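Respectively, the protein sequence lines represent chains A and B. For the first sequence, the working numbering begins at 86 and goes up steadily by one. For the second sequence, the working numbering begins at 108 and goes up steadily by one.
Misleading hints may appear alongside valid ones.
To be verified - Derived list of chain A stretches under chain B, where covered just means 3 residues or more per stretch with a C-beta under 8 Å from a C-beta of chain B:
| hint | segment |
| --- | --- |
| 1 | 109 to 116 |
| 2 | 119 to 132 |
| 3 | 146 to 160 |
| 4 | 270 to 278 |
Note that these hints are calculated values from the structure, not bench results. In this text, all values refer to a predicted model and were calculated from it rather than measured experimentally. Ideal Cβ positions, reconstructed from N, Cα and C, are used throughout, including at glycine.
What follows is the residue order along each chain.
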Amino acid sequence: MTRASLALMRRALRNAFRRPQFLAPLVVFPTLFLAVNTGGLEATTALPGFPEVESFLDFQLASAIVQSTMLGGVSAGIAMALDIEAGFFDRLVVSPIPRTAIVMGRIGAAGVLGSLQVLWFLAIGFIFGAQMATGPGGVLVVVALGVVAAVAFGAFGVLIALRARSASTVQGIFPLVIVALFLSSAFFPIELLSWPADVIAEYNPISYLAEGLREPIAFGWDAKIILEGFVAGLAMAGIGIALAISALRGRLQAAR
Amino acid sequence: MTAELRVTWALMRRGLNEVLRVPGASIPGILAPTIFLLGLSAVFSEAAQLPGYGTTDFTQFIVPVSLLQGAGFTGAATGVNLARDIERGWFDRLLLAPAPRSVVLLGIVGSAALRCLLPVTFLLLVAFALGVPWPGVGDLVVCILLVMGFASAMACWGTVIALRFQTQQAAPLMQAVAFSAVLFTTAYAPMELLADWLQVIATINPTTLVIDAMRDGFITTMSWYDIWTAVLAIAGMMIFFGLLAVRGMRRLGR
């Protein structure tokens, strides 16, 4: 199981790096957004109710990381759907490997890419003056939580691919990704969101993930907030993986 | 001349036919700027409490940005459609037709100008439903014409990229430029509240003039100065990207 998963993960990563045109949007668009938000809304840190931060860039880095890992999830789903459309998935199914490895390999690749995405944004942040409030230890926490987020979103991407079996359908969920992000505290403090975004953001697990990532970058060691981020991320990852494996089994049963 | 106009109109109609025959393909172009309008209004609404916005309603401030985003997405989509036509060989057949290549380009770009009216209409309905005040017929017409001009300029850019790479996989490059042209401006905040580096870019970026003029239409009233500077900015972008597109068309297959 582990060997097969690792082999499929390596294949997924090789394919991803061979097609940089699919990989680039994962960092290009969140980086552009990060630049525009930081440059355009720096003055909002003066608003009453905005938490005290060194700079708006420190605050926004977490949103860029979440956004990028969410796009990574869509990309993992598209890659899985392309495998289904091209018939490679069927060849994997008839090969002597545990079927769950097909799902776990793809999700594992999303996790590895997630760590690189996090490092990209941290590097961009440091180059442009962001400061890690918790030092090198905080970098490890942010990378770890970023990987958890990437695995969670990758699992949902794979789940949708297994259900839809079409790359264009998976591509079509992109607007929902943006909606989910806007309805969270990823971009702005929850206290400053307008109704009903503030109410929805309270219950949106992406808010906890974003705040868990933001805490070590912008504020410091608050174990509760960081732990809540990990719990939200791991819960999403667990549910996503379970549903993806269930979708795989359902698809195999339907093919019998 | 009449024949050239007929070819241009036929190509524009072909672009519009796609909207009717594949309505699903138009949804992302409408949905994306609408989500941005609603999302940005919900998330950054408090920003308008800062001095300098000229209004306390962030939706009113951001409407021109969403309209131009809709136009930018439409322009980029025109480039993607052209790349698809090149991939499938349809464009080769078009080039064999006895029509000047500049006329073919005009048809493609003209279809983008008309197609952008779809997201623009939807966005305006959403904005008015959210309480954005009616800007007046005159200012609204000028805004719509500016948006159509911007869609044409971005369609020229999409054409340049489609002709250069000849694959739909170049879509992110088309979209990234349209996205940057709109957002690296006074999109989120007035000039004096932008970070220094963004002030420099926004000052150079001609789209800032277009956004500021349209914004005056939605917040106060457009002045003649607003209109002329915005028209000149759009004309400059259309000439710049148009010349690049004409060059790409001339070089194709030679």
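Consistency of the hints with the structure:
Coverage of the segment 109 to 116 of chain A by chain B holds in this model, with 4 residues showing a Cβ closer than 8 Å to a Cβ of that chain against a need of three. Closer than 8 Å: that is the beta-carbon criterion, and the segment 119 to 132 of chain A has 12 residues meeting it against chain B, so the requirement of 3 holds. Residues of the segment 146 to 160 of chain A lying with their CB closer than 8 Å to a CB of chain B number 0, which falls below the three-residue condition for coverage. With a threshold of 8 Å between beta carbons, the proposed coverage of the segment 270 to 278 of chain A by chain B holds, since 4 of its residues qualify and at least three are required.
Checked against the numbered hints given earlier, the structure breaks only hint 3 and satisfies all the rest.
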